[in-house]
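Numbering-wise (this note's numbering), the sequence shown opens with residue 158 and increments by one.
Treat the hints loosely; a few may be bogus.
[Stated by the list, open to error] Taking lysine to aspartate or glutamate and the EDC-like style, the derived pairs with C-alpha atoms no more than 16 Å apart in a straight line are: (1) Lys270 / Glu252; (2) Lys234 / Asp199; (3) Lys231 / Asp199; (4) Lys231 / Asp265; (5) Lys235 / Glu211; (6) Lys234 / Glu188.
Because the hints were derived from the structure by calculation, they are not lab data.
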Amino acid sequence: MADRIVQLDSLGSFEPRYVSNIVWAYAAAGESHPKLFKKVADHVVRQDSLREFEPQHFSNIVWAFASTGESHPKLFKKVADHIVQQDSLSPFKGEDLAVIFWAYTTMDVSHSKLFDKIANYIFPTSEEINEWP
């Protein structure tokens, strides 16, 4: 199946969940397919916007790359830049954020704005805590 996907001209007809599930499934099975992972990463990087992707899609993708050791710095930058631009991380489950943080540290990818955004969301200031209902 991976070879057939790699041979496609484009992954444009794939919904974000399919893109993320493909690499997640290979990584979960302990299989690496460098050409497939590159195809998926290049597809994500080429997107004008990642607004169609849900938080779990991001965590699945970066987890798959980190789990298999497949490096694609532009993919990690694109995902991090998108997350940092979000007004709030409230759509992200704690597990999504933990997996994303784990993947970036595992791959030794530094993105201080991403790390700060996650830390500030997880550890709110005392002023923000006082605003809680």
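Inset, instruction - May I ask which of the numbered hints given earlier this structure violates, with the numbers listed in increasing order? - result: Going through the list in order, the structure violates hints 1 and 6 and respects the others.
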